[in-house]
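As a plain string of letters, each chain reads:
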Amino acid sequence: MTVVIVDYGMGNLASVQRALEECGAAAEVSDDPATLAQASHVVLPGVGAFGDAMARLATGGWIAPLRQLAADGIPLLGICLGMQLLADYGEEGGAHDGLGLIPGRVVRLHPGDARERVPHVGWNEVSAQRADPLLESIAPRTDFYFVHSYHFVAVKAEHAVAHTPYCGEFVSVVRAGSVMGTQFHPEKSSRAGFRLLRNFLAGHGDA
Amino acid sequence: MLKVRVIPTLLWKDGSLVKGTGFDSWRRIGAAMPAIKVYNTRDVDELVLMDVTATADGRGPDLAEIDALARECFVPFTVGGGVASVETVRDLLRAGADKVIVNSAAYSNPALVTEAALRFGSQCVVAAIDVLRGDDGAYVCCARSGSQRMGIGPVAWAQRLEQLGAGEILLTRIERDGTLQGYDIELAAQVTAAVSIPVIAAGGAGSYDDMLQALRGGGASAVAAGAMFQFTEQTPREAKQFLAAHGIPVRAAAN
Numbered sequence: 002m003t004v005v006i007v008d009y010g011m012g013n014l015a016s017v018q019r020a021l022e023e024c025g026a027a028a029e030v031s032d033d034p035a036t037l038a039q040a041s042h043v044v045l046p047g048v049g050a051f052g053d054a055m056a057r058l059a060t061g062g063w064i065a066p067l068r069q070l071a072a073d074g075i076p077l078l079g080i081c082l083g084m085q086l087l088a089d090y091g092e093e094g095g096a097h098d099g100l101g102l103i104p105g106r107v108v109r110l111h112p113g114d115a116r117e118r119v120p121h122v123g124w125n126e127v128s129a130q131r132a133d134p135l136l137e138s139i140a141p142r143t144d145f146y147f148v149h150s151y152h153f154v155a156v157k158a159e160h161a162v163a164h165t166p167y168c169g170e171f172v173s174v175v176r177a178g179s180v181m182g183t184q185f186h187p188e189k190s191s192r193a194g195f196r197l198l199r200n201f202l203a204g205h206g207d208a
Numbered sequence: 092m093l094k095v096r097v098i099p100t101l102l103w104k105d106g107s108l109v110k111g112t113g114f115d116s117w118r119r120i121g122a123a124m125p126a127i128k129v130y131n132t133r134d135v136d137e138l139v140l141m142d143v144t145a146t147a148d149g150r151g152p153d154l155a156e157i158d159a160l161a162r163e164c165f166v167p168f169t170v171g172g173g174v175a176s177v178e179t180v181r182d183l184l185r186a187g188a189d190k191v192i193v194n195s196a197a198y199s200n201p202a203l204v205t206e207a208a209l210r211f212g213s214q215c216v217v218a219a220i221d222v223l224r225g226d227d228g229a230y231v232c233c234a235r236s237g238s239q240r241m242g243i244g245p246v247a248w249a250q251r252l253e254q255l256g257a258g259e260i261l262l263t264r265i266e267r268d269g270t271l272q273g274y275d276i277e278l279a280a281q282v283t284a285a286v287s288i289p290v291i292a293a294g295g296a297g298s299y300d301d302m303l304q305a306l307r308g309g310g311a312s313a314v315a316a317g318a319m320f321q322f323t324e325q326t327p328r329e330a331k332q333f334l335a336a337h338g339i340p341v342r343a344a345a346n
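As given, the protein sequences belong to chains A and B, one line each in that order.
Heads up, the first sequence stops at 208 in the numbering used here, and the numbers go up one at a time, no gaps.
Heads up, the second sequence stops at 346 in the numbering used here, and the numbers go up one at a time, no gaps.
Because the hints were derived from the structure by calculation, they are not lab data.
Glycine included, C-beta positions come from ideal geometry on N, C-alpha and C.
Heads up, a few of these hints could be off.
[Unchecked claim] Cβ-Cβ distance ranges computed for the label pairs, FRET-style:
(1) B:Ala-285 <-> A:Gly-74: 47 to 53 Å
(2) A:Ala-27 <-> B:Ser-287: 39 to 45 Å
(3) B:Ser-238 <-> A:Ala-56: 25 to 31 Å
When you get a sec, could you build the whole thing from the sequences and use the hints?
Dropping the structure here:
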């Protein structure tokens, strides 16, 4: 089993790699799309802005290989911005096309009252809408670590696996077949995060 | 519901952790790695590491050390000290920091905050504001570990930092730092009312009740504490139990 972490120049890859290794995986950080051919699992991490990230994925030659990977049913996990990039388009800093792997768009969080601040920073609960292998053995309303200002709006309810109550409610876990995403950072969510990563590593494709 | 964060702060200087009082008189208290490992097992909400003399020494952060510490840190890791360029922000994120603290450099080069936010996202740019109370009773922001008064008040500077793209504010009342006498609640209240980004209260925590006051009266989204956790028997876990008992939402300890 080889996990490839997509390095397109955005964000903190060391902690994703270290967390995957802690979960028993051989994890390789790669800036070469050719390495995807050997991957049993792929992680698309990222912090930063949507448009910048898509431009970097395009420049690095990642977009077609990632779409092929999804079509082949290789498990793909997008984390934070990486989850948002799975959508059709994002509205951060103007409209930008996404990878289009899960129908949806990415829009800004809007505070419901003065107590709610954006960015949404900190630990908040994740409630599954239905059973999903990614959340196996994770208690309902377990807290995970979030840090983001935009969120994923899924076109189809079947792709919204879990929600989190903030600025109303937003989708915090998505899945379409072997393509998954978490708005929170499992690699920074201590024990619950490790559980989720192990669940991802145990998956062999479609839910 | 979003939980309030209780954040141990580690002050770092020349290879070891230090304690100071009022941003001065640093004294060595031990190595950083064991502290990170202990906090990791205790499931803290986040860790802050400040290199307290990087700016004064005119150097950047010790990236190798940050890298080694980040590899052992499975909760959010926020790092500051000596961040003077967007390249340093990038290097720290590469080394494993999740968020980077910008302080002194923001006064002379406000564009740094904006550039970092555009490139890496507002969510990883924490703007630190260090505040003294002058003889006239007015708050004034200070750069370079409190040694340089900047002639702007914390409310105006916090609003400016938010406009520039900062995702969070780390607010420290300098004279309280290391004293265990409690946060400056009035200062926290003024700043939290003026911005819509999260504010972390810092400087002076000595008891769980101090934290409660900073959250309730001060409106803070998180509370940071250094000496309180290192030099008293009090722990982040007990702090959260105390806060929970007073109706504050906190993250329960994981099983």
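For each hint, the structure was consulted:
1. B:Ala-285 <-> A:Gly-74: 47 to 53 Å: holds, 51 Å
2. A:Ala-27 <-> B:Ser-287: 39 to 45 Å: Holds, at about 43 Å.
3. B:Ser-238 <-> A:Ala-56: 25 to 31 Å: violated, 41 Å
Comparing the model with each numbered hint stated earlier shows that hint 3 is the single one that does not hold.
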